[in-house]
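Asker: Sequence:
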Amino acid sequence: MFSLQAGRMALVVLSAVLLLTGCQTYQQKTSETKGLWSSGHLEAAGADYTRKADKAQGGKDALVYRLEQAMALRAAGKITESQAAFQQADEQILRFDEKAKTSVSREAGALFSNQANLPYTGRDYDKVLVSTYKALNFLQLGQPEMARPELFRAYQRQQDAVDNNRKRIERDQKEIQSAKSEKSGEYQSVQKAQSDPLVSGEMKKRYATLDQLKAYADYANPFPVYLDGLYFLSLSTGASDLERARKSFERVQGMSGANKYINADLALAEKAANGAPAPPRTFVIFETGSAPHRDQFRIDIPLLIVGAKRVPYVGVALPTLEFNPNYIAPLTVSSSTGTESTVLLASMDSVIGQAFRNELPTIVTKTLMSTTIKATAAYFVNKTAEEQGGAVAGLVSMLATAATQAAVNISDTRTWTTLPKEYQFCSFSTPADGKLRVSAPNTQQAEVAVDPKSTNLILVRSVSPLSPLVVTAIRLK
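If you use this note's numbering, the sequence shown corresponds to residues 403 to 879, in order.
Don't take every hint at face value.
[What the hints assert, rightly or not] Mimicking DSSO-like on lysine-lysine, the simulated pairs with C-alpha atoms at most 27 Å apart in a straight line are:
no.	residue 1	residue 2
1	K662	K649
2	K457	K436
3	K501	K436
4	K462	K431
5	K606	K594
6	K503	K649
7	K594	K501
8	K673	K649
9	K462	K569
None of these hints come from the bench; they were simulated from the model.
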């Protein structure tokens with residue numbers, strides 16, 4: 403009778419296992435929306451991200467969905483709605499930042515749960531680009547004066563990023579040291595796992611591409627800096643603005659390397675700073691492709707448990723950074739005066755990859771520690787159940803603990819995926835007839851009219867080779 407009852411219990415718990423192992427990563431939750439996005443159905447993607455963002459409001463994923471919504475709406479040409487979403491995202495970021503200043507235990511309990519169960523508070527490059535895109539949206543909405551403070555914030559957030567990273571490392575080290583003293587046996591398992599040739603070899607293979615990325619200075623992104631220079635050159639209110647523009651273009655030259663466009667822009671800013679009037683010029687910014695996304699892989703690690711008849715192993719889910727190869731470049735811009743082709747301004751593969759690489763040691767240690775603590779506890783629960791209730795009771799216990807571990811053993815794959823893969827740019831003297839044609843390698847073309855007597859900014863977005871070119875012309879001055 404006991405065996406029949408225990409068998410029924412096992413069946414119930416097995417059902418729970420199947421249910422709980424259905425826990426999805428962020429990438430799995432958004433796969434259908436990303437399909438709409440990458441295939442060029444921008445309005446549908448924007449609407450779907452809006453539904454997801456509204457549903458997630460107040461939850462742990464609220465910010466990342468709001469960022470995706472804002473960017474998708476922007477690509478769909480819904481600038482007012484995009485700006486509202488960016489504003490909501492910015493307000494969430496500010497609340498998280500204020501809370502972090504007053505809370506020293508923001509991630510308390512994370513080692514016993516999962517990094518994906520914590521609120522997504524925004525990475526430093528997220529914060530910089532929120533301010534940057536708010537500035538761009540203001541320019542498109544015909545409110546250039548509102549863009550100025552956003553560019554100041556973008557600059558300050560880049561300056562703050564290095565200090566934020568230092569504080570994050572210090573906080574994480576304290577948390578890990580605390581866990582080390584409280585759970586010394588489990589920490590030995592973590593050290594054993596990290597030195598295991600199979601584990602370290604697999605991790606080295608998975609993360610090898612990170613070493614091949616172009617390196618910028620810590621948390622630097624040339625795109626916001628270039629927009630800063632462009633804005634303060636074109637919409638200057640005095641000598642200090644022109645000097646700021648000169649310095650920004652100089653910084654871009656240092657980060658991205660010299661090319662004929664940044665050289666010409668810097669020379670123009672230097673002349674303007676010395677009192678020369680700026681001639682009509684057209685700037686083109688081309689956003690192409692999609693930013694890297696996070697996925698996960700699983701690897702078995704050994705547990706060091708005193709008295710165990712054999713060394714038990716447990717599966718650990720760790721994040722990887724996956725790059726998206728489907729994009730078009732360069733963009734060609736033709737006019738009566740000639741043809742120009744865009745060149746690389748900033749690689750988001752590099753910006754995001756560098757941030758991921760900086761986070762990775764702590765992510766790995768925390769994940770190993772979290773999994774080891776839970777797996778060790780589960781081992782002793784199962785052992786006690788079997789000793790006290792026999793083999794069937796041990797099986798029921800194993801199923802129950804397996805269900806619990808499966809529910810939390812997923813990696814945190816949340817990241818802002820609707821950002822572009824690359825920012826490219828070019829600039830040239832505005833043609834006298836004001837007529838331009840932008841052309842992509844996949845034969846897409848668009849005719850653009852600009853003011854021949856003004857400084858103009860042309861924004862072009864291509865999500866993938868399957869998506870349409872989204873072209874916007876802005877008269878700056």
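Asker: Now tell me if each hint is right for this structure.
Answerer: Hints and how they fare:
1. K662 - K649: Within the cut-off at roughly 17 Å; holds.
2. K457 - K436: OK: K457 and K436 at ~17 Å, within 27 Å.
3. K501 - K436: violated (32 Å)
4. K462 - K431: holds (14 Å)
5. K606 - K594: Satisfied, since the Cα-Cα distance of roughly 16 Å is no more than 27 Å.
6. K503 - K649: violated (32 Å)
7. K594 - K501: It is violated: about 36 Å lies between the C-alpha atoms, which goes past 27 Å.
8. K673 - K649: Roughly 13 Å between the alpha carbons, so the hint for K673 and K649 holds.
9. K462 - K569: With Cα atoms ~22 Å apart, K462 and K569 stay inside 27 Å; holds.
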